[in-house]
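Visitor: Based on the provided sequences and hints, a complete structural model is requested.
Protein chains: 2
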Amino acid sequence: METAQQKIERAKARREVGLFKVEPKLEGIPEQLPRNTLGLPASVLTAREIELTENYDVIQLLDILKSRKVSVEEVTRAFLRRAAVAQAATNCLVELMWDQAIERAKYLDSLPEPRGAFFGLPISTKEHHGMVGDNVITTASIIAWVDRKHGSNVMYDDLWEEGCVFYARTTQPQTIMHLETVSNLYGRTDNPYNRDLTPGGSSGGESALVAMRGSLLGIGGDIGGSIRCPSAFVGIYGFKPSVKRITVAGQTGFMAGRETIFSTPGPMTVDRKAMELLMRVILSKKPWRKDPAIIPMPWTPHKFTKPLKIAVQWWDGVVMPHPPITRALKEVVAACQKAGMQVIDWDCTNLDHKKSWDLISALYWPDGGREALDAMNNVDDTVLPLSKWIIEQPTVKDLTQAELWKLTLERDAYRAAYAKAWNATDSGNDDEIDVILCPASFGAATPHEQSKYWGYTSHWNLVDYPGAVFPVTTVDVAKDPKDLSYKPINEQDQFIYDMYDPEVYAGAPVGLQLVGRRLQEEKVLAALDLVEQAMGRS
Amino acid sequence: METAQQKIERAKARREVGLFKVEPKLEGIPEQLPRNTLGLPASVLTAREIELTENYDVIQLLDILKSRKVSVEEVTRAFLRRAAVAQAATNCLVELMWDQAIERAKYLDSLPEPRGAFFGLPISTKEHHGMVGDNVITTASIIAWVDRKHGSNVMYDDLWEEGCVFYARTTQPQTIMHLETVSNLYGRTDNPYNRDLTPGGSSGGESALVAMRGSLLGIGGDIGGSIRCPSAFVGIYGFKPSVKRITVAGQTGFMAGRETIFSTPGPMTVDRKAMELLMRVILSKKPWRKDPAIIPMPWTPHKFTKPLKIAVQWWDGVVMPHPPITRALKEVVAACQKAGMQVIDWDCTNLDHKKSWDLISALYWPDGGREALDAMNNVDDTVLPLSKWIIEQPTVKDLTQAELWKLTLERDAYRAAYAKAWNATDSGNDDEIDVILCPASFGAATPHEQSKYWGYTSHWNLVDYPGAVFPVTTVDVAKDPKDLSYKPINEQDQFIYDMYDPEVYAGAPVGLQLVGRRLQEEKVLAALDLVEQAMGRS
Chain G
1 METAQQKIER AKARREVGLF KVEPKLEGIP EQLPRNTLGL PASVLTAREI ELTENYDVIQ
61 LLDILKSRKV SVEEVTRAFL RRAAVAQAAT NCLVELMWDQ AIERAKYLDS LPEPRGAFFG
121 LPISTKEHHG MVGDNVITTA SIIAWVDRKH GSNVMYDDLW EEGCVFYART TQPQTIMHLE
181 TVSNLYGRTD NPYNRDLTPG GSSGGESALV AMRGSLLGIG GDIGGSIRCP SAFVGIYGFK
241 PSVKRITVAG QTGFMAGRET IFSTPGPMTV DRKAMELLMR VILSKKPWRK DPAIIPMPWT
301 PHKFTKPLKI AVQWWDGVVM PHPPITRALK EVVAACQKAG MQVIDWDCTN LDHKKSWDLI
361 SALYWPDGGR EALDAMNNVD DTVLPLSKWI IEQPTVKDLT QAELWKLTLE RDAYRAAYAK
421 AWNATDSGND DEIDVILCPA SFGAATPHEQ SKYWGYTSHW NLVDYPGAVF PVTTVDVAKD
481 PKDLSYKPIN EQDQFIYDMY DPEVYAGAPV GLQLVGRRLQ EEKVLAALDL VEQAMGRS
Chain L
1 METAQQKIER AKARREVGLF KVEPKLEGIP EQLPRNTLGL PASVLTAREI ELTENYDVIQ
61 LLDILKSRKV SVEEVTRAFL RRAAVAQAAT NCLVELMWDQ AIERAKYLDS LPEPRGAFFG
121 LPISTKEHHG MVGDNVITTA SIIAWVDRKH GSNVMYDDLW EEGCVFYART TQPQTIMHLE
181 TVSNLYGRTD NPYNRDLTPG GSSGGESALV AMRGSLLGIG GDIGGSIRCP SAFVGIYGFK
241 PSVKRITVAG QTGFMAGRET IFSTPGPMTV DRKAMELLMR VILSKKPWRK DPAIIPMPWT
301 PHKFTKPLKI AVQWWDGVVM PHPPITRALK EVVAACQKAG MQVIDWDCTN LDHKKSWDLI
361 SALYWPDGGR EALDAMNNVD DTVLPLSKWI IEQPTVKDLT QAELWKLTLE RDAYRAAYAK
421 AWNATDSGND DEIDVILCPA SFGAATPHEQ SKYWGYTSHW NLVDYPGAVF PVTTVDVAKD
481 PKDLSYKPIN EQDQFIYDMY DPEVYAGAPV GLQLVGRRLQ EEKVLAALDL VEQAMGRS
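Line order of the protein sequences matches chains G and L. Mapping the first sequence onto this note's numbering, position 307 (from 1) lands on 307, and the numbers just tick up by one. Mapping the second sequence onto this note's numbering, position 488 (from 1) lands on 488, and the numbers just tick up by one.
Worth double-checking, as some hints may not be accurate.
Since the list gives no way to pick out one identical chain from another, each pair is judged satisfied if it fits inside one copy or across any two copies.
Listed below are the simulated BS3-like cross-link pairs for lysine-lysine, each with C-alpha atoms no more than 25 Å apart in a straight line [unchecked claim]: (1) 355 to 12; (2) 355 to 420; (3) 286 to 306; (4) 286 to 303; (5) 420 to 285; (6) 523 to 285; (7) 303 to 290.
If you're looking for bench data, these hints aren't it; they were derived computationally from the structure.
Guide: Following this line, the structure appears as structure tokens:
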């Protein structure tokens with residue numbers, strides 16, 4: 001019988017196979033990594049590699065690929081090597097697909113004409129989503145699945161058809177249910193801004209990789225914040241659509257078939273416009289024809305005909321955000337107001353976000369966590385503290401069918417009440433708010449093992465509203481002192497309050513979130529364009 | 001303690017209150033009803049009442065109401081009296097809302113201008129859906145709920161806002177899960193074409209009432225055929241949209257909160273065009289703003305740019321339809337071909353419709369039927385044979401969460417396989433079939449208690465495809481002899497085969513069904529327009 005340790009070593013050795021192929025070998029990575037590893041690529045990569053990975057946004061890179069000013073292979077090799085540097089810096093990879101990516105690049109270069117919306121673009125992917133091809137192992141960072149073969153991922157098949165290059169598969173935490181990224185199989189992923197902080201989770205391999213520009217466009221997944229939290233924690237863009245807009249078919253994970261609450265994939269990227277591009281291309285493939293759970297809504301860009309009306313959620317009534325978050329909100333609000341937008345407050349006092357968490361935490365584990373716990377315990381996959389924390393939320397229980405129905409009814413009543421609050425922003429002149437501006441987390445990237453408040457993201461999963469995260473600022477010790485007069489209102493609030501010390505977070509990115517009504521993906525991204533323009537961005 | 005019998009008598013007495021108010025009293029209803037009761041209104045109603053209830057389709061009636069050539073009150077009184085006749089003939093009502101309807105009519109007549117898309121139109125409703133207003137009892141034909149107050153039905157609130165008159169609430173069977181309409185609370189509803197036959201179920205009160213023209217437009221609900229079966233059984237139109245297109249919020253029924261399979265309301269009407277009208281008006285109310293479970297898809301009429309491509313499902317591979325159904329299919333196919341449409345076969349051999357039933361029957365009762373059985377047994381509401389039959393399907397069991405997930409995964413795999421078969425009708429020229437033409441039942445209206453094969457409707461609930469039923473012909477003893485050479489292929493097929501005798505069904509209506517892909521409601525109704533035009537209808 002192979003022990004858990006032997007399985008772990010085998011998985012890590014398998015990962016080394018791809019990393020060992022990196023050519024030329026990486027040189028210049030220090031034995032002892034600095035706290036901030038963002039500078040590493042500059043000392044390891046060639047000038048040409050730096051140019052290819054830093055000088056273009058996604059759309060520009062696609063332009064030069066399609067014009068064939070650069071070969072797919074050259075671009076692919078640059079991102080492969082940069083991803084390997086990111087791995088050395090942050091431990092963000094489960095697999096570097098060296099041979100497959102170069103084979104794919106050569107094939108694309110051999111085509112008489114470039115073909116597909118993503119021709120030649122290296123796209124990184126969260127490992128548990130699976131991959132195209134028949135002979136792929138997908139572990140989901142669980143020891144029990146160390147040799148698990150998966151079927152096809154419908155969305156990745158579509159991206160493949162559009163000419164992309166898959167080259168890097170990224171880490172996720174045990175159970176894929178932490179806002180942190182750590183597993184017994186692959187260890188811990190660090191934040192490149194500061195290795196003492198988490199890059200967030202569960203798509204924390206993606207966030208670390210994209211922050212290092214080891215990828216310009218990655219695919220994460222989100223059921224409680226897993227795209228948005230890590231995007232905010234590393235200062236990139238991330239977008240969680242409403243569920244059933246794009247397909248999860250082909251992913252692996254616990255509790256397949258559960259319908260209480262769904263995850264959705266979405267883009268994580270250095271480039272705001274790439275979010276819209278990904279959505280548009282994916283929906284142009286009519287995924288509902290293959291996965292009939294998907295709602296057949298083609299991508300229809302939204303045009304605003306009057307100034308944006310934004311509500312600001314300064315806090316959720318449960319946990320007060322850290323000072324840099326509040327400052328970021330103020331800065332964005334000021335910019336929006338200056339640009340002529342109408343900004344009102346989104347008062348959560350009567351919206352009971354505490355209830356939102358009580359509901360969603362129960363909905364995550366309708367079997368009380370039994371399947372996940374059994375799968376870990378059966379192979380000595382030690383249940384990690386954050387896995388334990390989320391499964392042991394006080395609401396979690398193995399439900400009878402009648403209890404399950406009661407819970408889904410409460411969820412639906414909560415959603416209806418939230419919709420009613422949104423409707424109430426309409427003064428009778430067809431002027432309801434377009435979006436809510438809100439935190440993406442209570443703070444900047446947290447020290448490891450401290451991501452124990454999900455409310456600023458999970459709430460939008462519960463109501464199933466699309467949310468886009470965008471970078472705003474960084475923590476500034478001078479501007480963001482601790483508010484010593486604040487009196488926490490509950491235990492969670494105290495925990496979060498105590499966590500803040502500007503020195504700990506100094507220089508860490510601060511992202512915010514823009515949220516729209518269910519299935520208004522186009523509107524949210526169009527609103528983000530306007531907000532960023534108001535912020536002086538292009 | 002009040003006994004079950006006392007509760008039943010109380011419910012029936014309550015029903016009599018509304019019927020007793022009918023003014024003038026109904027005269028001319030024979031002590032011994034004829035087998036076919038369709039002629040009864042002619043001998044009871046005034047010429048003017050006959051004119052108002054027979055000379056107009058829904059859109060024409062709305063025209064004269066809006067032009068105020070007739071008062072809402074006169075129209076309402078005519079339909080109230082005709083509904084009372086239908087009740088005497090078929091036992092189709094739970095409540096005749098005499099006072100409320102006339103009060104509403106007077107109010108609408110008092111408005112300076114007609115207001116709303118349904119101004120003055122009497123709309124009948126399935127009782128368990130509830131009603132507008134605060135002081136309404138909704139029994140769902142269950143003794144346990146004989147005094148149950150309900151909240152608001154969101155869709156009915158919208159119809160009310162559009163100016164309709166609610167006046168008649170119709171019967172449904174015990175558990176609302178028979179394709180027959182019988183309960184201990186209100187007894188059995190008969191088919192007006194032939195009292196020995198069922199008007200179908202579970203919206204059998206609606207079908208009997210609409211067939212009698214006691215209503216031109218009613219609202220039914222469908223989770224296994226409950227709009228389409230009764231519509232076909234009485235020769236009217238019925239439309240089941242995909243779920244989550246229009247709201248069920250506010251309905252009562254067992255297993256509220258269950259998500260394995262959903263019901264949907266839909267129109268039942270004398271008038272093909274009224275189906276589209278109802279959908280259009282309901283969606284113009286943006287129900288997704290109040291019920292966020294609804295998909296925000298405005299009604300967008302479909303225009304065909306090339307001749308229809310139709311697949312015909314001659315049978316489902318499990319049970320051979322009775323001869324009149326096959327003849328009806330042939331007649332419609334001939335008309336479509338003559339009109340230049342392309343018709344191909346929909347071969348179910350490899351699509352395993354037996355599996356479809358095994359899945360959906362289990363999905364109906366994820367608690368093994370416990371909630372429903374307890375609710376009946378606790379108050380001596382004798383479990384009727386068809387309730388017992390459906391709850392005791394061999395697949396039904398009280399599921400653990402893990403078993404539930406396994407089942408929903410199988411359901412999703414089945415749906416994906418079905419979508420794949422539909423995709424495969426595309427020859428590569430963007431020419432997949434537009435719709436499937438298929439039976440709405442294995443036969444015409446069945447003798448009471450014999451509706452024990454749901455496959456021709458429930459299958460489309462499982463895959464969640466919209467289906468419209470339309471009248472085609474009637475059973476003709478000469479044209480529809482029993483096929484004595486047919487050898488049934490399984491027990492169910494034998495049961496259905498043995499049931500057929502042309503004499504039993506003589507003169508009964510035969511409807512067929514047109515089905516489209518999920519959420520293609522507009523396309524199905526547009527296709528039905530073309531099919532009926534091919535049949536020589538306007």
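Visitor: None of the hints should be skipped; say for each whether it holds.
Guide: Verification of the hints:
For the identical chains of this complex, residue 355 and residue 12 are neighbours neither inside a copy (41 Å) nor across copies (43 Å), given an alpha-carbon limit of 25 Å. In this homomeric assembly, residue 355 and residue 420 come within 25 Å of each other (Cα to Cα) only inside a single copy, at 16 Å, whereas the closest approach across copies is 41 Å. In this assembly of identical chains, the alpha carbons of residue 286 and residue 306 lie at most 25 Å apart only when taken from different copies (21 Å versus 31 Å within one copy). Taking the shortest alpha-carbon separations for residue 286 and residue 303, both the intra-copy value of 22 Å and the inter-copy value of 19 Å come in at or below 25 Å.
Only between protomers do residue 420 and residue 285 lie at most 25 Å apart by alpha-carbon distance; the minimum there is 15 Å, versus 34 Å within a single protomer. In the homo-oligomer, the alpha carbons of residue 523 and residue 285 lie at most 25 Å apart both inside one protomer (21 Å) and across protomers (20 Å), since each shortest distance falls under that limit. Proximity of residue 303 to residue 290 under the C-alpha cut-off of 25 Å is restricted to the inter-copy arrangement: shortest distance 24 Å between copies versus 30 Å within a copy.
Of the numbered hints stated above, the single one contradicted by the structure is hint 1.
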